[in-house]
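Number of protein chains: 2
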Amino acid sequence: MKKGEMKKQAHIESMKHYILENGLTKASLRNLAKASGTSDRMLLHYFQDKEDLMTEVLQAITQDLIDLLKANQTEPLPLNVLVPHLGKMLKEPAVKPYLRLWLELMAEASKKEEPYYSAARKIAASFKAFYREVLLVQKEESKEKMDALALVMVEGLVLMDALDFDEDINLALQALSK
Amino acid sequence: MKKGEMKKQAHIESMKHYILENGLTKASLRNLAKASGTSDRMLLHYFQDKEDLMTEVLQAITQDLIDLLKANQTEPLPLNVLVPHLGKMLKEPAVKPYLRLWLELMAEASKKEEPYYSAARKIAASFKAFYREVLLVQKEESKEKMDALALVMVEGLVLMDALDFDEDINLALQALSK
DNA sequence: CAATTTATGTAGCGGTTGCTACATAAATAA
DNA sequence: TTATTTATGTAGCAACCGCTACATAAATTG
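So the sequences go chain by chain: A and B.
Terminal number for the first sequence in the numbering used here: 390, no gaps in between.
Terminal number for the second sequence in the numbering used here: 390, no gaps in between.
Calculated directly from the structure, the hints in this document are not laboratory data.
Hints may contain errors.
One copy or any two copies: either way a pair holds, since identical chains are not told apart in the list.
As the list claims (entries may be wrong) - Result set (DSSO-like, lysine-lysine): computed pairs, CA atoms no more than 27 Å apart in a straight line:
1. Lys282 with Lys303
2. Lys300 with Lys215
3. Lys300 with Lys323
4. Lys334 with Lys228
5. Lys238 with Lys324
6. Lys323 with Lys246
7. Lys324 with Lys300
8. Lys282 with Lys308
9. Lys323 with Lys228
10. Lys220 with Lys340
11. Lys351 with Lys220
12. Lys246 with Lys324
13. Lys308 with Lys228
14. Lys246 with Lys219
15. Lys324 with Lys308
16. Lys340 with Lys303
17. Lys282 with Lys228
Every value quoted in this text rests on a predicted model; they were computed, and no experiment measured them.
Work out the full structure, taking the sequences as your base and the hints as a guide.
Pasting the structure below:
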């Protein structure tokens, strides 16, 4: 890899962390530049424009999240074990920044704003792939449906978690195990 | 009601519609002023500052949404009928703006930003109240849990709908009726 | 070494943001 | 009618935003 390309990748690395900690709203070129020890001028040297930059950084963040999911992959579990387990994971400090960013991404995605809509769909698709691998089901013919159910439920838990509706999270999880 | 107060309420009415159509991001004082035929200068005459203004407008929108929920209140339905029914409602053009705004609100709420966090919690609480009235359950002792489950599921559906993951919505709903 | 490409600084443009200072006109209260 | 409160206009400030023009220094390539 060329020297310039390496610097670009290093900047992407710094910006990833900045965005995870500070969100999309704070992600101005000047702020991102400061966070990676350079100038907005230089960022626009490495990237065509801000959309191009965000596309690359969001792609990198997406990949990290996918890796993180794969790393935490146990053997397949049934729905009423897997979903509560993921429900607990939402509380972990390492996960929280991803959830905040996920919701910010979703807000943009719901307006079909690019590159956010595409990034969000890609992430959701990787969630689906995750459930496909890690959700255990009794009747094989209902696998797809249960995957979708897990996806929908965990997304719902994410929203409730953002509002600190912990009681409802627990109640919903109890309803599931019944 | 005094004359000034009436004008203020009229402005709130206009701003409600503007925000529902255009989202929080576009809701600058100048844009809101234009949308209700006045100037930013005048808005800051009626409201202390932008946060005060947003608090009042979001409160009004919340009330509208609550009224809308109450209006569409049928007799109590079981979970596997109610949730699919609400799933269909997400597609309705009259509802879409509320969903977009809801997600935008949630993105702010997840950062504990005021007045958004409080507004979002209030709206979610009214959702809970809605399920309390309209969800039919067999075993009375599991009512709370089923209410929470409905809440979580429909929120999950909202997220998936924003990404146009219609297939997964349908699959999840099928998993539910089984 | 010369020519060319890549890297970086400085400065600024035209736009937006929330908000304010200073003015005056209009409505209301005494 | 006079005094006081309320309404409204005009203008601008300081801080941001993405982006660009113009310069030069440094590295790479022929």
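task: Output the numbers, in ascending order, of every earlier hint that fails for this structure.
output: Numbers 2, 10, 11 - these are the hints that the structure violates, sorted from lowest upward.
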